[in-house]
Amino acid sequence: MPEPIIKLEDVWKTYLLGKVELHALKGINLDINPGSFVTIMGPSGSGKSTLLNIVGVLDSPTKGRILLEGIDIATLSEDDLSQLRGKTIGFIFQEFNLLPNLSALENVMLPMVFQETPLEKRIARAKEILTAVDLGNRIYHQPTELSGGERQRVAIARAFANDPKVVIADEPTGNLDSSTGKKIMEILTEFHRRKGKTIIVVTHDPNIASYSQELVYIKDGQIVSNHQQAKKVLWQR
Amino acid sequence: MGSNFMDNLKEYFHIAWRNLKTRSLRSWLTIFGIVIGVFLIISLLSLSEGIKATITKQLRALGGEMVFVMPGDISNPIAMFMSGAKLEREDIDAIKNTKGVETVLTMSYQAAVVRYGDEGKAVFLQAMSWKESIEILENFQGWSLKEGRWPVSGKREIIIGKQIENDLFDKPVRVNSEVTIKGRKLTVVGILNSLGSKQDDTAIYLDLSIYQDITGEKKGTAQMVMVKIKEGGDVNGVAEDIKENLQKTRKRRSGTDAEDFSVITSEKMGDIAGSILAVIQLAIFAFASIAIIVGGIGITNTMFTSVRERTKEIGIMKAIGAKNSAVLMIFLFEAGIIGLAGGIGGTVLGAFVAKAIELYGQAHPLFYFSASVTPNLIIFGLVFSFLVGCLSGLFPARRASRLKPVEALRRYE
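Protein sequence lines, in the order shown, are assigned to chains A and B. For the first sequence, the numbering used here gives the first residue as 1219, with consecutive numbering after it. For the second sequence, the numbering used here gives the first residue as 2, with consecutive numbering after it.
Treat the hints with caution; some may be incorrect.
[To be verified] List of simulated lysine to aspartate or glutamate pairs, EDC-like, C-alpha gap at most 16 Å:
| hint | chain 1 | residue 1 | chain 2 | residue 2 |
| --- | --- | --- | --- | --- |
| 1 | B | K219 | B | E91 |
| 2 | A | K1345 | A | D1381 |
| 3 | A | K1339 | B | D8 |
| 4 | B | K405 | A | D1297 |
| 5 | B | K11 | A | E1338 |
| 6 | B | K11 | A | E1313 |
| 7 | B | K313 | A | E1313 |
| 8 | B | K405 | A | D1298 |
[What the hints assert, rightly or not] Calculated from the model, a selection of chain B residues having no Cβ within reach of chain A, i.e. all distances over 10 Å:
| hint | residue |
| --- | --- |
| 9 | A112 |
| 10 | R116 |
| 11 | K132 |
| 12 | G197 |
| 13 | K220 |
| 14 | M225 |
Think of the hints as simulated: they come from the structure by calculation, not from any bench. Glycine is no exception: its CB is placed at the ideal position from the N, C-alpha and C atoms.
Kindly generate the complete structure, drawing on both the sequences and the hints.
Written out as structure tokens, the structure is:
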């Protein structure tokens, strides 16, 4: 068994709403293994977004430990964590979250800017990856000039720009029609299969979950089931 | 690493530039606030710098070895020039008898209405003891005649500054023209070449005794005395001696030792003018700075708004690996560009207006101004406004850089 790329040990996340303590996560233990394709599912309010933020080291837990490639993130400074996150993890969001003032190419180059990749290499890599998502002829367009599916493909290209080991997608098809969504999932699956990337997808859509090999079902802040063979589980339903 | 760092700065600058372009109206309004402040600084400073340069030039033209004696107290110049106090004949004799004094020029001046044809204009009359003055004026101060000749002492003859010839009256004044001052007719016998300042070029010059005939000023007195000391003499020493002699004379005459006169060297005169101008410049700078501060607050305000509007973008940038310093730089650049753009606008406008005032002054006699738009002033204007921009953007940028990624992303969702 290889060492997990992201490891959550007894992770709690508690929000204070006025005087009421709200436990969004209650003692989560989760291993994300290299090369896996994991779907996190759960009803709204189950804590899956919180879990995603924790897994993506965008947020720190109230209690518990998170190991990113074996490093306890609590030991890192804010800047070091940003740097490590930018290098190791790519993000794809439901509402694309491209920077509206930058072109597709510049959006894809941005994660490499933050990793201080030299300019020529940045441009070459961004063009290469945009071509891979079939946007080679739209690289100078602003996000507003692109369709929803195209924007999400730019976002995918951005997520893979630094060649991260893990890509986390939060409802990546939530704002897209089903055929466009299907194409997006195919692209993600392609990256997973061909490049061996670890993919984590949060969704409530069983069709999306069917692309993955591993299903984590979360309810009331706890993992209620963790299946290695998602397809079979979903099929059985 | 180093080149990558510069490369990154360029990239952040680029992002900042793009952000500014997308909110252009607000950017322009903020820039306009800075333009006003920088405009004030540049135009006022260049004008006061120009005045300073003119005065310095004029004082230098007087030569280093001159001593001026004036009634009244130089530390209160307005009272001194307005009081009409005179140096009496005894005072002037005391100066003449001081050791080391070569020539004593007595002078008086006042503004009077000069009639020529149907017109009457107020002109500055400057009277000098002509016999002694002419040599010094020609040899040491570079006076020369464009046409005509110097007046003969004791005759009712005048010479006129260059600008009086064509600009003052509708009908040009020529050699042998006659003008009327206080009911007396005087003949123009010469026209001077430019003396280098508007004030001097729009004056009428005449012999002191004639002036005293016209104005009724007591013969033998003067409003001011210029002393040329002997070659190789010690200016400050002679000035001290003159002071002492004057004190003695006055004590004998009135029984008091009230020191109601000023003896200053041309060098000291420059210092006094310089310090007065420095105070004026400081005041100008202070007022203009207030305008800049107000502009800076405008930048801070617009940047805070920008940070709030773009909280989510900040979250995205942090999620994809931006360090705090990267976010800080982007927002600082934005504020700096606003400041710099305002600085460029203000500098151009300020230089333009200062030059326009100068041109207006040249076209209209009796109104003299020069503008000194130096490269230093321009560089100062630009650097200063960029720094004001950065400084104003510092707090908003810091707030932006310290946002937690997850909180920033969640905002406005």
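**Request:** Hints the structure violates: just list their numbers, smallest first.
**Result:** 6
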